[in-house]
Amino acid sequence: MSALDIIILIAVIVVVGLIVFFALFKNRKNPCRFCPYAQSCNKDKRESCYR
Amino acid sequence: MRIALVGNQNSGKTSLFNALTGAHQKVGNWPGVTIERKEGRIKGSKHTLIDLPGIYSLSPYSPEEEVSRQYAVEEKPDIIINIIDVTSLERSLYLTTQLLELDCKVIIALNMSDLLDKKGIKIDSKALEEALHTTVVEVSALKGTGIDKLIKIINENQVLDNVHLPIYATDIEKSIKKIEAELEGSHQRFVAVKLLERDPRYQKSATDLDQQLIKEIEEKYGLDTEEIIANQRYDFITELRKKVCTFGPRKVTITDRLDKVFLNKFAALPIFAAIMFLIYFLAVGVVGSATVGWIEELMEGLSEWVSGALENGGASEWSISLVVDGVIAGVGAILSFVPQLIILFLCICLLETTGYMSRITFFLDRLFRKIGLSGKALIPFIVGTGCSVPGVMAARAIENAEEKKMTVILTPFIPCSAKLPIIALFAGHFFGPNSGIVSASLYFFAVIVIILLAYLLRKFVFKGENSSYISELPEYKLPNFKYLFRDVSEKTLAFIKRAGTIILLCSIVIWVLLSFNWKFEYGVEVADSILASIGNALAWLFYPMIGHWSWEATVSAVQGLVAKEQVVSSMAIIAGLSEDVTEGHLILAEGGAFGYFNSVSAYAFMVFNLFSAPCFGALGAMKRELGGTKAMLKAAFFQTGIAWVLAILVFLVGSLLTGGF
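Protein chains in written order, with numbering that gives the first Met the number 0: chain Z, 0 to 50; chain D, 0 to 660.
Because the hints were derived from the structure by calculation, they are not lab data. Since this is a predicted model, take the numbers as computed values, not measurements. Every residue gets a Cβ at the ideal spot worked out from N, C-alpha and C, and that includes glycine. Keep in mind that the hints are not guaranteed to be accurate.
Said to hold, decoys possible - Straight-line distance between alpha carbons at most 30 angstroms, and here's what the computed DSBU-like set of lysine-lysine pairs gives:
#: 1; chain 1: D; residue 1: Lys629; chain 2: Z; residue 2: Lys25
#: 2; chain 1: Z; residue 1: Lys25; chain 2: D; residue 2: Lys622
#: 3; chain 1: D; residue 1: Lys219; chain 2: D; residue 2: Lys173
Unchecked claim - Derived contacts from chain Z toward chain D, CB cut-off under 8 angstroms, selection only:
#: 4; residue: Ser1
#: 5; residue: Asp4
#: 6; residue: Val13
#: 7; residue: Val14
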C-alpha cells in the first residue's frame, strides 16, 4: 500500500465519518434534518412546525 | 418589542416580512404559503417580527389559522402590523375590526397600493387613519416602498394608541360594556364580543348575565348574535369604505384578460397540460440533449485526468477505482443533471410567482372535490414537484384528518426533482427527440394515478365528508427576479449538497459492496460481489417489470429509498465497474450492465421509481404527518405495492403493443 493509498483511505474514512456523524448523530433529534429548506428555517418555526 | 404580522391570505405578509427583516423566506403568489409562524429581527433594531399564517378573522377554521389567532390573542404582541391588500379592502377590514378590539397597538400597512390605479380606486389613507384612530402606512412589500417609514414608526414608537373604536349599534355597545365590566385580565372588549357571539372557545366563562343579554339582543334583531355582530361589522366597513375610497371607472386589467383564457372552461386544462409539457420539454428535451453530451465529456475527462494523476502518484488499482469508479462516477452521474434541474426549478417558480398556480388550484378544485380531495391538497402536490419533504409537510394545512392522510400518501407520487435524473436518463436515452413528451407523460400519469387512487381511497378506506376550500385569485404579477434567482439557487444548491453528502456516502458504500465478496476479497467479478448477491435475492421482484433477471437494476431501485437520485448514481457505478473504467458514464450503453433495457422496460422502471416509497427524508415527514411509524410503514408498503403493480402493467401492455412478446 503506497502513501497515496493511505491518504485516499484516510480521506474517505474522514469524509464518510463526517457525513454519518452529521446525518445520523449530530442532528439526530432535529426533525428537519432531511428538509431541503431547513437552512432558511429557524428555531421558532421548527417548534410550531412539529408541535 | 415583539411585533406580529397579521393579515389575510396572500396579502403579502411574507414579502413584507422579508422586506422588514432582510430574510429570504419562501413567498408565493398563492394563498397558504405560510403554514407556521416565522420569526426575524427588524433591520437596524432589536425588535422581533413574527410572520403568521394568513387569516380572515379571529374565529379560525383551520390549524394554521389557529396558530395566528393564538399568537395574536394569547401571546400578546406589543404591536400588530395588520397588512391589508388594498385591492380587497372590504374583506381585509373585517379582520382589522377584530384586531382593534384587542389590547394592542395596531399599525395598518396598506399593501399593493401600486395596483389601485389599474382598478380605478383611490384610498385616502389619512382619512382611514382618522376614522379608525390607528396608524396607517402605505407600503409596497414587493417594490420596497414605504418600508423605511414603517420601520421609523416602529423604532420611534409613533404608533397611535388603540382606543377601542365603538363600531356597533348603541344597544350592542352597551351590552359589550356590561360584559366587559364583569371580566378580568386583558382583551376585555374582544372577549366580551366573543361571549356575545357565543364563540365556543369562551363559553366556559359565560355567565347568566351574558345569556340574558344575548337573549335580549336576539329577540330584538330576530337573528343570532354572531350574525348580528358580523352584519354590523360589515355595515361599519361599508360606511368606512365610502368615506375613504373614491371609485373611478374600472379598467379591464391584464388579470381579467388573462383569466378569460386561463380559466376558460374548455381551454384551462389543455393549457395546463401544454405548460407542463413545455416545462419537461425544456428541462429534459432541449436542455437535456444540449448539456448531457458536454457534461459526459467533462466527467470522462475528469476521470481520465484523476486516474492518470493517481497512477503517476503511485496509487494502487483499488484506490484509483474507489475515486474514479466510486466517487466521480457516482457523484458525477447526479451532477450532470443540474442544468435540467435549474430549468425545472425556474419554471415551477415562475408559475408560483406569477399567480398561475392559484388558477390551477381554483380550476382543479372542482375535480378534486368530486374524487374526495380538498382543493387544499393541490398545494402539497405543487410544492411536491420541487421536493416531497416540504410537499408532505404542506399537507398540514388540511384540517380534515382523512383528507390530510390521503394527501400525505399521494403527494410523493408527484415527480420531485430527485426523480428527474432517473426520468432524464431513461427518457433521453430511449426516446431521444421525444424525451420531453415522455417525461411530461410521466407527470400526467402520476396525476391520473393520484385521481384514481384518491377516488378509491375515499370510497373504501378514508370515508367521510369532504371539506370545503375557499381560496382567492391573486392578481397576475411579473416575477421578482431577485426572488426567482434566490429560490432557484437555493434549491439547486440543496441538490448539489445532497450529491456531495448522501450520494457521495452511498457511492462509496456501493463501490465497497461491488468490489468485495463475502470473504472480503478485493477485485472479484461484480457478479460475485456482495451487492450482486443481495440483488440476486430480490431480483425476482423486478423480473416481471423489466423482463430480465437483473440484480443491477434491483439494487439500484432499492437505493431509491435513501435518495431517488441514488438510483442513477448506483447504476453509474455498477456500469463503470462492469465495463472499462473510462466508460463508466455510459450507463445504458449496449452490451453494458444495463444494456438489456429497452423503451418498454425503461418506461416501466421509471414508473416503479416514480410511485415507489419515497426517500428516507420524505418518509420521516410522512411519519410525522401520519402520526407514527406504523402508519408511515403502511403507507410506504401501499406506495411500493402500487408502483410494482403499475410497472408490471406498463411492461405487459407496452410489450404487447410493441410486439415484445
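Check each numbered hint against the structure and report the violated ones by number, ascending.
Going through the list in order, the structure violates hint 6 alone and respects the others.
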